[in-house]
Amino acid sequence: MTETADSAQRREAADLIRRYPLAESLSPEELAKELASVEQLQDAALPQKFLGYLRLTGPGFMGSGLTIGAGTMTSAMLMGTNFGFRTLWIVWLSIGLGMFMIAAAARFTCRGGFRVIPAQNRHHGLLVGSLLTGLVGVALVAIVFNFAQYSLACHLIESLAALSGVRLPRQINWILVVPLTSWLTLLYGSRSKRGVARVELFMKVCVLLMFVGFGFTLIIVGISWEEFFKGLVVPWLPRGLEGITIFIAYSTAAIGVMDWVMFHYTSHSRAWGPKQETLARFDMAFGFFLPFVAINLLIIAVFAGTLHKLQLRPESAPELASALAPALGAYWSQVFFYLGLLAAPITTMVGMSIAGAIAIHEAFGWTPDTASWRWKFAALLPQIGFLGVWYPRPLWLIILIGAFLSLTQNFAAWSFYLLLNDRAALGEDRCRSFGWNLGLALNITLVNCVAILYLMSQLHMWPE
Amino acid sequence: MNLERVVWRHSLRFWFLVLNLIGNALLLHGSLLYVQFGTRAGELLLGATLTIWCVLVLAIPDK
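So the sequences go chain by chain: A and B.
Under this note's numbering, the first residue of the first sequence carries the number 1, and numbering increases by one thereafter.
Under this note's numbering, the first residue of the second sequence carries the number 1001, and numbering increases by one thereafter.
I should point out that these hints are in silico values taken from the structure, not numbers from a laboratory.
Beta carbons are placed, not taken as given, at the ideal position from N, Cα and C, and that holds for glycine.
Treat the hints loosely; a few may be bogus.
[Stated by the list, open to error] Just a sample of chain A residues kept apart from chain B, beta carbon distances all over 10 Å, derived:
| no. | residue |
| --- | --- |
| 1 | Ser37 |
| 2 | Pro235 |
| 3 | Trp366 |
| 4 | Phe434 |
[Claimed, not checked] Here are the simulated DMTMM-like cross-link-like pairs (lysine to aspartate or glutamate), alpha carbons at most 25 Å apart as the crow flies:
| no. | chain 1 | residue 1 | chain 2 | residue 2 |
| --- | --- | --- | --- | --- |
| 5 | A | Lys49 | A | Glu226 |
| 6 | B | Lys1063 | A | Glu277 |
| 7 | A | Lys33 | A | Glu12 |
| 8 | A | Lys275 | B | Asp1062 |
| 9 | B | Lys1063 | A | Glu428 |
| 10 | A | Lys275 | A | Asp43 |
| 11 | B | Lys1063 | A | Asp429 |
| 12 | A | Lys275 | A | Asp422 |
| 13 | A | Lys275 | A | Glu30 |
| 14 | A | Lys309 | A | Asp6 |
| 15 | A | Lys309 | A | Glu227 |
| 16 | B | Lys1063 | A | Asp6 |
| 17 | A | Lys49 | A | Glu30 |
| 18 | A | Lys309 | A | Asp429 |
| 19 | A | Lys230 | A | Glu242 |
Build out the structure end to end from the sequences listed, making use of the hints.
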């Protein structure tokens, strides 16, 4: 590369870094190198391109690590236990629809170059941006839903320790979880230690651990491939209203406002610009979509092949895990299973805490400075979830936040859709694709239905 | 159809989002009554038609 091209690339890198303070842990030289390799990869042979892009991924794995948590695990286990392989198709359909919104989030970062919550505030008002998207959709959810992550993680550590004959009750083992998740949360974006890259690496390793853990478990319990493929491509739902409820609930549970916001801001933390939009889409597909689908399919298949066949119907995640563990036989297979499960709530705790801190700062218009006490306080707020060890369900809070979220998530989705189609926001980079808009409109329809179902069930119109 | 045309302070695109929400509500309410009592097939059909129409209109990009 000539000196002029090199310095132009460094200038471009410095401009990209200035867009968002969390990207300041990157050096312009480092980013210029990434930009150069992205340019080179565009003309590379397919295998080289694939491996090159894979090396540069990150926000996608942050997203899958965040999304696959206690809630997703429990949903997948229950789907497998209650319906066998027959609802597998919902997994790829729901996350596939969610990807249209993630692609919009990536467009805002890479081509729009703006930060989405302030942009929502400017175009659609503070109520939609700061309140519904930032505070309700992300920050409050991060705090409240961390209780369930703690509850599951500490249950699993207790079971894992018991396998080795060690008694480590969850009322004690939470002390191990707090420092680990706090350290990882505070590492993200910290200036001196390439914090973003390290946390992304941790997420990648954990996602791999989940994949290996459940893959190994599935090898042990076996699988009926015929039923598996049938469940994957033939849509089936229970008859009547139960089917409608299950379809709407499962298809929107996978991806929500927090995931859109997280992908957007973690891409900003990597200082991604126009040249990295293809990389962002690759990351979305191979870091987010595929791991999410693969891990969910593995969990459903494991439970479909075991508890479903045995007609056992435990209801909570720890009960489901304990019911399955004896069927796995040998010590190491149980260890793998528990480690795969444990990786899920841990990555979600870290992801939610980072997302919560980002959202709080954006909602109030504060500059995110990871060295400040304000950032540390916001990032560690969800750690109050350790109380979940004693009170696994702060029911009134879950009901309140669940209600807010159900009733408001669709307005955040409307706002993302309108921004993507707005000349004033994106100029020539606004959405020009019928297919993309169609995916977004279907996604919006589903989140609308969640709000309507919620209202109808509160009015006792929709049966439980 | 120019979805960017402003009508009553908002773009047509926004009003189609509102209409879609109404369609979704009719669809769900209609299916509830149809599945439970076999009535309100008209409401169900109207909701489904409105939803499909709005989704297809909302998919049109501003070129």
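Consistency of the hints with the structure:
1. Ser37: 32 Å, holds
2. Pro235: A:Pro235 clear of chain B: closest Cβ-Cβ about 17 Å, beyond 10 Å.
3. Trp366: 30 Å, holds
4. Phe434: 5 Å, violated
5. A:Lys49 - A:Glu226: With Cα atoms ~34 Å apart, A:Lys49 and A:Glu226 exceed 25 Å; violated.
6. B:Lys1063 - A:Glu277: It holds: about 20 Å lies between the C-alpha atoms, which stays within 25 Å.
7. A:Lys33 - A:Glu12: Judged against 25 Å, a Cα distance of about 11 Å means the pair holds.
8. A:Lys275 - B:Asp1062: Measuring from Cα to Cα gives roughly 23 Å; hence the hint holds.
9. B:Lys1063 - A:Glu428: This hinted pair holds, its Cα atoms lying about 9 Å apart.
10. A:Lys275 - A:Asp43: Distance of about 13 Å is within 25 Å: holds.
11. B:Lys1063 - A:Asp429: The given pair, whose Cα atoms are some 11 Å apart, holds under the 25 Å limit.
12. A:Lys275 - A:Asp422: 21 Å, holds
13. A:Lys275 - A:Glu30: 15 Å, holds
14. A:Lys309 - A:Asp6: 62 Å, violated
15. A:Lys309 - A:Glu227: 13 Å, holds
16. B:Lys1063 - A:Asp6: Violated - the C-alpha atoms of A:Asp6 and B:Lys1063 are around 36 Å apart, more than 25 Å.
17. A:Lys49 - A:Glu30: 20 Å, holds
18. A:Lys309 - A:Asp429: Violated: A:Lys309 and A:Asp429 sit about 51 Å apart, past 25 Å.
19. A:Lys230 - A:Glu242: 21 Å, holds
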